[in-house]
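Engineer: In order, the protein sequences belong to chains A and B.
Using our numbering, you'd call the opening residue of the first sequence number 1 and step up by one each time.
Using our numbering, you'd call the opening residue of the second sequence number 1001 and step up by one each time.
Hint data in this document are derived by calculation from the structure and do not stem from the laboratory.
These figures come from a predicted structure and were not determined experimentally.
Yeah, the Cβ is synthetic: ideal placement off N, Cα and C, and Gly gets one too.
Be a bit skeptical, because a hint or two may be false.
As the list claims (entries may be wrong) - Derived DSS-like pairs: lysine-lysine, alpha-carbon spacing no greater than 25 Å straight-line:
{"no.": "1", "chain 1": "A", "residue 1": "K256", "chain 2": "B", "residue 2": "K1133"}
{"no.": "2", "chain 1": "A", "residue 1": "K122", "chain 2": "A", "residue 2": "K112"}
{"no.": "3", "chain 1": "B", "residue 1": "K1007", "chain 2": "B", "residue 2": "K1064"}
{"no.": "4", "chain 1": "A", "residue 1": "K35", "chain 2": "A", "residue 2": "K94"}
{"no.": "5", "chain 1": "A", "residue 1": "K35", "chain 2": "B", "residue 2": "K1163"}
{"no.": "6", "chain 1": "A", "residue 1": "K163", "chain 2": "A", "residue 2": "K239"}
{"no.": "7", "chain 1": "A", "residue 1": "K122", "chain 2": "A", "residue 2": "K239"}
{"no.": "8", "chain 1": "A", "residue 1": "K150", "chain 2": "A", "residue 2": "K165"}
{"no.": "9", "chain 1": "A", "residue 1": "K15", "chain 2": "B", "residue 2": "K1163"}
{"no.": "10", "chain 1": "A", "residue 1": "K112", "chain 2": "A", "residue 2": "K35"}
{"no.": "11", "chain 1": "A", "residue 1": "K256", "chain 2": "A", "residue 2": "K239"}
{"no.": "12", "chain 1": "B", "residue 1": "K1139", "chain 2": "A", "residue 2": "K15"}
{"no.": "13", "chain 1": "A", "residue 1": "K94", "chain 2": "A", "residue 2": "K239"}
{"no.": "14", "chain 1": "A", "residue 1": "K288", "chain 2": "B", "residue 2": "K1133"}
As the list claims (entries may be wrong) - Non-contacting residues of chain A with respect to chain B, defined by C-beta distances greater than 10 Å in every case (computed):
{"no.": "15", "residue": "P31"}
{"no.": "16", "residue": "G36"}
{"no.": "17", "residue": "A126"}
{"no.": "18", "residue": "I149"}
{"no.": "19", "residue": "G186"}
{"no.": "20", "residue": "K239"}
{"no.": "21", "residue": "V243"}
{"no.": "22", "residue": "D298"}
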Amino acid sequence: MPVKPSEITPEKVYKRRRTLIAAGLGILAVPALSKGYGLLQQTQEEEDLPFPSVSAQPNRLSQPLEPTPYETVTGYNNYYEFGYSKDDPARAAKTLITSPWSVELGGEGADKPGIYDIAEVKGEHAIENHVYRFRCVEAWSMVIPWNGIKLADVIKAAAPNSKAKFVRFTTLNDPQQMPNADWADGPYVEGLTIEEAMNPLTLLATGIYDQSLEQQNGAPIRLVVPWKYGFKYAKSIVKIELVEQMPQNTWWLQNKREYGFYANVNPQFDHPRWTQATERVIGELGRKPTLLYNGYADEVGHMYPDLDNRLYYY
Amino acid sequence: MPISTRKHLLNIALFLVLVWGIYDAIMGPDLVSELRDFTGRYGAYLLLISLLFTPLSQRWNWVKRNLSMRRNIGVWGFIYATVHLLIWITLEFYYDWELMLDEIAGNLFILLGIFAFILLLPLAITSNHRALKRFGYRKWQMLHTLTYIAVPAVISHHFMAQKSDTLEPLLMGFVLVLVFVWRYRHAR
Chain A
1 MPVKPSEITP EKVYKRRRTL IAAGLGILAV PALSKGYGLL QQTQEEEDLP
51 FPSVSAQPNR LSQPLEPTPY ETVTGYNNYY EFGYSKDDPA RAAKTLITSP
101 WSVELGGEGA DKPGIYDIAE VKGEHAIENH VYRFRCVEAW SMVIPWNGIK
151 LADVIKAAAP NSKAKFVRFT TLNDPQQMPN ADWADGPYVE GLTIEEAMNP
201 LTLLATGIYD QSLEQQNGAP IRLVVPWKYG FKYAKSIVKI ELVEQMPQNT
251 WWLQNKREYG FYANVNPQFD HPRWTQATER VIGELGRKPT LLYNGYADEV
301 GHMYPDLDNR LYYY
Chain B
1001 MPISTRKHLL NIALFLVLVW GIYDAIMGPD LVSELRDFTG RYGAYLLLIS
1051 LLFTPLSQRW NWVKRNLSMR RNIGVWGFIY ATVHLLIWIT LEFYYDWELM
1101 LDEIAGNLFI LLGIFAFILL LPLAITSNHR ALKRFGYRKW QMLHTLTYIA
1151 VPAVISHHFM AQKSDTLEPL LMGFVLVLVF VWRYRHAR
C-alpha cells in the first residue's frame, strides 16, 4: 500500500525529532555524569584516616522517646542477604537458624581470643534496656527499645592489647539460608574504632521490646551504635575482631563516595543523592529535623574533634 | 472484542492495580515509602511501555491492532506519576514547601523527577481527541515527541533513587536505548 503524502513526516519535523531523541539519550546519561563528577571530587577518602583519641565518659543514656510499634520494627527492614525490599527480610529470614549460635572473638588485638556461645554470653553480662533513635542513611528513622549487653564488656573479656585500635564485625553469610547472600560478594563487614566500641552507648543487642531479636532484625546478636547511620548496625554477627587496621566496611566498598567508615549522623552533610538535614519518622507524616549525632552529641561528640570533616559524616 | 471494550478493560485493570498498590501499602509497615515507590515504579513501567508500541507494532500485528491503547497506557503512567508526586508533597513533606525546595535544590534526581513531570503535564492534558483536532496532527505529534525527553528523565530519576540494586532501572534504560535506536533509524 503506498504511503499517503499526509502520512509522511516533513523533513524539518523528523530532524527536530532526531534532535529530541539525542537530547533524551543525553538525559539518560545524567546518572553516569553525576557519578563521574562525584568521583573527580573524591579525594578525602584516599587520605590516611585519623584515629580519634580516647577520652571522657558519657552522661545520659536513654531519653524519653516514643517507641515505634513492634510490628513496624519487625516488618520494615534492610537486610539485603534476604532481599532488597523492606518487606523481604520479614518473609525470607524466618528460616535462619539462630540457635545454637557462637561468636568468634579474636584478632591480633585480643590477648584472650575465644569462641563464645551466645547463650553463655547472655548469661554472663547484664542485659540492659535502652530506647534509642534509629536513623537510617536513607533518611528515615524509628525509635527502638533495645535489649542487649555493652559491647565494652565483651571486648574487655578478650583482654585487648595495644594493637586493638579498631573492631571488625563479620556477619553470617550462608547461601544455604540466605537467598541473596552474595549481594556484596562476601560477608557483610562493619567496623568501629576501639573508642567507639567502648562507648557505653554501644550495644550488642539480643532483643527488642523484651523479646529475642527476630531474624529480620539481625538475630541472634547485632550491633547498635545509635549516633551512626543504620548500616553500621551489623546483623547476625559471627565474628568480632580487635584489629590494628581500619576495617573496610561493606558499604564503603560498595560505594566509596556515598558511604564511609564513620557514618556519624550529621544534618550538615548531605548524601550525594539526597539531603540528610531531615528525616521521615516511620509512622508519622511529614519530616522532622535530623539531630547531630542523632541526638547523642553529649555522649559521643568528644570523639570527633573536627565537625567540618566529611570523613566522619558519611 | 472491539477495541473500545479492550480499552475499557485496560482502564479498569490499571485502576485496580493502583487500588491494589494502595491497599498493599496500607497493610504494610510504612505506608509512605511503599505508596511512593509503588506509584513511581509502576508509572515508569507504563511510560516506558507506551514508547514500545510503535516499534513493536511494526513487527507484531496484535500490537498494531491495539496501537490506540498507547494513549491509555501513557495517560495512566501520568496518573501514577501524579499520585507519586502528591504523596511526596502530602505524606512525605506534609506541605513543607521550604523543605521541599531545599530537597529539590540539593538533589539532582528529584529535580529530574519534577522536570519529567512538568514535561508530561501538557502531554497528558492533550491526550484526547479534541486536543488532537485542535492542534492538527503535526503540531500535536511534535508536542508529544517530548516523551523522548521525559521518559529518559523518569528512568534516570528511578536509577539515581536506588541505593544499590540498580538492575531494574538499568534494564529499563537498555530497553529505552533500543527504542531510541529504532526510532532514530526509522524516523521519517
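Engineer: Sort out which numbered hints this structure fails and list those numbers smallest first.
Structural biologist: Violated: hints 1, 4, 9, 10, 14 and 15.
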